[in-house]
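Novice: Sequence order for the protein chains is X, D and R.
The opening position of the first sequence corresponds to residue 8 in this note's numbering, with each subsequent residue numbered one higher.
The opening position of the second sequence corresponds to residue 8 in this note's numbering, with each subsequent residue numbered one higher.
The opening position of the third sequence corresponds to residue 8 in this note's numbering, with each subsequent residue numbered one higher.
Accuracy of the hints is not assured; some may be wrong.
When chains are identical, the list treats them as one kind, so a pair holds in a single copy or across two.
Unchecked claim - Taking lysine-lysine pairs in the BS3-like style, the calculated list, with each CA pair at most 30 Å apart, reads: (1) Lys139 x Lys39; (2) Lys9 x Lys39; (3) Lys18 x Lys39; (4) Lys139 x Lys18.
No lab work stands behind these hints, which were simulated from the structure alone.
All figures in this text were calculated on a predicted structure; none of them were measured in a lab.
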Amino acid sequence: MKIAQKLITLKARPRGFFLITDEIVSHLPEIKEFHAGLAHLFLMHTSASLTINENADPSVRHDFLEYTNRLVPENEPYFTHTLEGSEDMPAHIKSSLYGNALTIPINSGRFVLGTWQGIYLCEHRDFAGNRKIYITLMGE
Amino acid sequence: MKIAQKLITLKARPRGFFLITDEIVSHLPEIKEFHAGLAHLFLMHTSASLTINENADPSVRHDFLEYTNRLVPENEPYFTHTLEGSEDMPAHIKSSLYGNALTIPINSGRFVLGTWQGIYLCEHRDFAGNRKIYITLMGE
Amino acid sequence: MKIAQKLITLKARPRGFFLITDEIVSHLPEIKEFHAGLAHLFLMHTSASLTINENADPSVRHDFLEYTNRLVPENEPYFTHTLEGSEDMPAHIKSSLYGNALTIPINSGRFVLGTWQGIYLCEHRDFAGNRKIYITLMGE
Chain X
8 MKIAQKLITL KARPRGFFLI TDEIVSHLPE IKEFHAGLAH LFLMHTSASL
58 TINENADPSV RHDFLEYTNR LVPENEPYFT HTLEGSEDMP AHIKSSLYGN
108 ALTIPINSGR FVLGTWQGIY LCEHRDFAGN RKIYITLMGE
Chain D
8 MKIAQKLITL KARPRGFFLI TDEIVSHLPE IKEFHAGLAH LFLMHTSASL
58 TINENADPSV RHDFLEYTNR LVPENEPYFT HTLEGSEDMP AHIKSSLYGN
108 ALTIPINSGR FVLGTWQGIY LCEHRDFAGN RKIYITLMGE
Chain R
8 MKIAQKLITL KARPRGFFLI TDEIVSHLPE IKEFHAGLAH LFLMHTSASL
58 TINENADPSV RHDFLEYTNR LVPENEPYFT HTLEGSEDMP AHIKSSLYGN
108 ALTIPINSGR FVLGTWQGIY LCEHRDFAGN RKIYITLMGE
């Protein structure tokens, strides 16, 4: 049994849902050394999320954005955390609804993902900077 | 420390929330060999979810379904991913809101669950096929 | 590689979102013995949640509560699980939307958290009792 940890940085993106499977894999040559195990991806921010969803049709990411903007509207009259912009408090809520971390199985040196599964970065801020993901690989 | 991995298949179900704790346990005789550890259940699909909730009263699962259908309505005018049926894009969104994976503690060869906790399969499609879960047990 | 497990109890709280990072850490002197690994926090209840969000401004927790009460309203006419109080079925749904468990990286004997990240207990019942969290530390 062994463990590997590393911090990776994703470039800044506008508000939206982005397929980042290949980008994550490109940062993880270490995964090839694991026959079996788990990969844990921990986004170190409170206004973005990681989730797993459809990896083929960009219209899915478009619709996620449109839906999510309506699910958590801006400028709600009861919001009190408003100093950092109208999309800031909604971004915090969206972050927790989708979650900031993923655990993905590893087998034979690769992520185990269904045919249609990809890793999404969900950026909920309009002008966020780089995003950091702390990755832990554990297995044998 | 050791690790065990296996792929299990759940029979096709209609749209709804289903208690599958016993079905999962029946697929995992290996768990008895783990004194302490973690079990990771990874649903390999993007239009269904796994979650943990109340294990006793079927009315809870009924209400989950009714609520969730209203939370993510079909036929929203801004949806563009519509070729696979009116419940397809909502199913993708529901999948990410509840999440496709669970990590459950193992102690003394069994899942550690609260008295009222059970594992739910949340099927968001009307006519889905079998559903595959990739399970990783890690511990000692 | 090693593993440590323990059950901790949090005092009863009213409905709301509470920052519990320091309380969790105070229960985990064992974490200092882990150079690298993962901490898994599993809330053993179906009407409360654990999530990670902003750790500085109490207005964020206020707004989470107000939003969440609107996201899952009480007394919906289609709710059938109503015997335990009008906030009970909404509490079950909120529990699954935010999730009942967290996995957090460990490095150098401490949680790896972003500057602004803290652990929230989300209490969805009005008069819940103590809440139990089953914690698993795994690593080296």
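Novice: For Lys139 and Lys18, with the copy left unspecified, which applies at a CA distance of at most 30 Å: within, between, both, or neither?
Specialist: For Lys139 and Lys18, only the intra-copy Cα distance (9 Å) is at most 30 Å; the inter-copy one is 34 Å.
Novice: If the cut is 30 Å between Cα atoms, do Lys9 and Lys39 qualify within a copy, between copies, both or neither?
Specialist: For Lys9 and Lys39, the Cα distance is within 30 Å both inside one copy (13 Å) and across copies (19 Å).
Novice: From the Cα coordinates, with 30 Å as the cut-off, is the pair Lys139 and Lys39 best called within, between, both, or neither?
Specialist: Intra 22 Å, inter 24 Å, cutoff 30 Å: intra and inter.
Novice: I want to check one pair: Lys18 and Lys39. Are their C-alpha atoms no more than 30 Å apart within a copy, between two copies, both, or neither?
Specialist: So Lys18 and Lys39 pass the 30 Å test inside one copy only (24 Å; across, 33 Å).
Every hint, counting from the list given before, is met by this structure.
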